[in-house]
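Visitor: Working from the sequences, and respecting the hints, build out all of it.
Number of protein chains: 2
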Amino acid sequence: MSTFDLKDFLSVQQTRVESLLLSRANRLESTGTPPRLAEAMRYSLLAGGKRLRPILCLVFSDSVRKQSGSLSPADDAACALEYIHTYSLIHDDLPAMDNDDYRRGRPTSHKVFGEAMAILAGDALLTEAFNVLASGPEPVRGALCRELAVAAGSAGMVGGQVLDIAEDRPAQIDYLSRMHSLKTGALIRAACRMGVLAAGGNADALQRADTYGDSIGLAFQIADDILDVISTPEKMGKPVHADAAAGRHTYPAVIGLEASWMLAERKVADAVAAVEPLEGAGGPLSVIARYVLERNS
Amino acid sequence: MSTFDLKDFLSVQQTRVESLLLSRANRLESTGTPPRLAEAMRYSLLAGGKRLRPILCLVFSDSVRKQSGSLSPADDAACALEYIHTYSLIHDDLPAMDNDDYRRGRPTSHKVFGEAMAILAGDALLTEAFNVLASGPEPVRGALCRELAVAAGSAGMVGGQVLDIAEDRPAQIDYLSRMHSLKTGALIRAACRMGVLAAGGNADALQRADTYGDSIGLAFQIADDILDVISTPEKMGKPVHADAAAGRHTYPAVIGLEASWMLAERKVADAVAAVEPLEGAGGPLSVIARYVLERNS
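Residue numbers (the working numbering), protein chains in the order written: chain A, 82 to 378; chain B, 82 to 378.
One should not assume that every hint holds.
Identical copies go unnamed one by one, so any copy, or any two together, can satisfy a pair.
[Stated by the list, open to error] Derived EDC-like pairs: lysine to aspartate or glutamate, alpha-carbon spacing no greater than 20 Å straight-line:
1) 192 / 248
2) 192 / 179
3) 88 / 99
4) 131 / 285
5) 192 / 181
6) 88 / 360
7) 147 / 245
In case anyone wonders, no lab produced these hints; they're calculated from the structure.
Guide: Laid out in structure tokens, this is it:
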């Protein structure tokens, strides 16, 4: 049994992230953003969510500098990651993409502000992510911009989205794993790496962040696919079997439920092993990694 | 009469820019971009155009380092600026925005690749702009990322687009000039400043780039508005009086044709005065500034 309370820990970290996002989002007008655009950016940015990416970034930074606190060198990076994640949700929800009317129980950006403004709010959040990073201290701001741009760009998140919407997607594990690795994995891995970079961690810590991010990104996706097969609408708070209904290729559909479980468990073990030298046994990062699978039970 | 041949000069610079864009665009697949996305990015990026922003960037850099050549410290910045400009055109052309079927005589991105891919190609170009910049040398890459993010973001180009599509736009010169200053002026000014930054220019050169960019950005916009009023479809190669038909507020409509001319001429004079200490009298930047008005005659 862990003495570490994950729920309390995540709650503290979420409060930390909300406060960072709020203070930046409230400064938009004073730095020249038109009020209506600022409103649309805040609407999506402050709509809650797990804040997984900024939390991973902050916790990796904390583990490198051996302290936690509200003034972290990774604060900017944490916000930039959530800006990117938020813009991707706004654009994914557009009528031309997934055409979703609701997200997190609220109308999507284009339902509230119109399609043109939703496109622009996404563009603005994407651009502001780099403004936030590039306004930070030398020499790390350049490295952080590069890390985020690679992870979010055409050979990262956007590339993965293109693979996901392709009409001729092959039902093969290689294609599926490359698609997820780009679409969600790249930004999760970047979140971990950016935490280490912001805190001035060494090459070993950076490599550990890389392995951890890569592994939990994949485990998370497999767990999501499994949940969609085995869970009930009551547990999930949303319709299940949506993947199969939409004809989406999932891990259980392609390699089977049992093999999917085993792959996810192996990835979680890889992640836990990678961070033990950084935070000791049973630290927050290993607990977060294990939670990826435990939330199924 | 100028001994300097602007047409030849621009042609040489355009060739220089095309070659930079082409070599980067052809590397997209080898760095992990899915082929269909790379194709969509190249379709818009390599569709020609004046290449005004990258040329301004390169010429400012040349004027600071007192030499011109294909291996300039501003090469990355020049490409990044055109990536941003190109993404903004793709998104502006979308059905939810201007709903344009053609640009530069070719079908727009969403007509060729579909709306989802056009949104993603724009997102990818926007993100890659920062990848290109952030992959450059320290210490200037951080400063360049910041300059571009501020100019292209919510208090720059995207903000100006929001002001332009607002339904309750007041027909006032203040609103009109703020809208243009954000929508097109900010990126033109950034192009000039980034050339100086990339070449390691001093604060005086940076201030001169600022004044020049600001002035020609405004002069260019006023000249465009005037052209739409006084020109013929034969001269323009496109329908005229489009602004009035679309109910757009223009300088001639708001302050009159004569006052518009005088304002544009004053701005060109400001621009010419700003760059004389950098390039001497009658240098390329002053000729480019004068061309903004001369193309009307």
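Visitor: Are the hints correct? Go through all of them and say.
Guide: Quick rundown of the hints versus the structure:
Only between protomers do residue 192 and residue 248 lie at most 20 Å apart by alpha-carbon distance; the minimum there is 17 Å, versus 26 Å within a single protomer. Taking identical chains as interchangeable, the C-alpha atoms of residue 192 and residue 179 lie at most 20 Å apart whether they share a chain (13 Å) or sit on different chains (19 Å). For the identical chains of this complex, residue 88 and residue 99 are intra-copy neighbours only, at 16 Å inside a copy versus 54 Å across copies, given an alpha-carbon limit of 20 Å. In the homo-oligomer, the alpha carbons of residue 131 and residue 285 never lie at most 20 Å apart, since the shortest distance is 28 Å inside one protomer and 47 Å across protomers.
In this assembly of identical chains, residue 192 and residue 181 lie within 20 Å of each other by CA distance solely inside one copy; the values are 9 Å within and 23 Å between copies. For a Cα distance limit of 20 Å, the shortest separation of residue 88 from residue 360 inside one copy, 18 Å, qualifies, whereas the shortest one across copies, 63 Å, does not. For the identical chains of this complex, residue 147 and residue 245 are neighbours neither inside a copy (39 Å) nor across copies (49 Å), given an alpha-carbon limit of 20 Å.
Figure legend: structure checked against the earlier numbered hints; hints not met, in rising order: 4 and 7.
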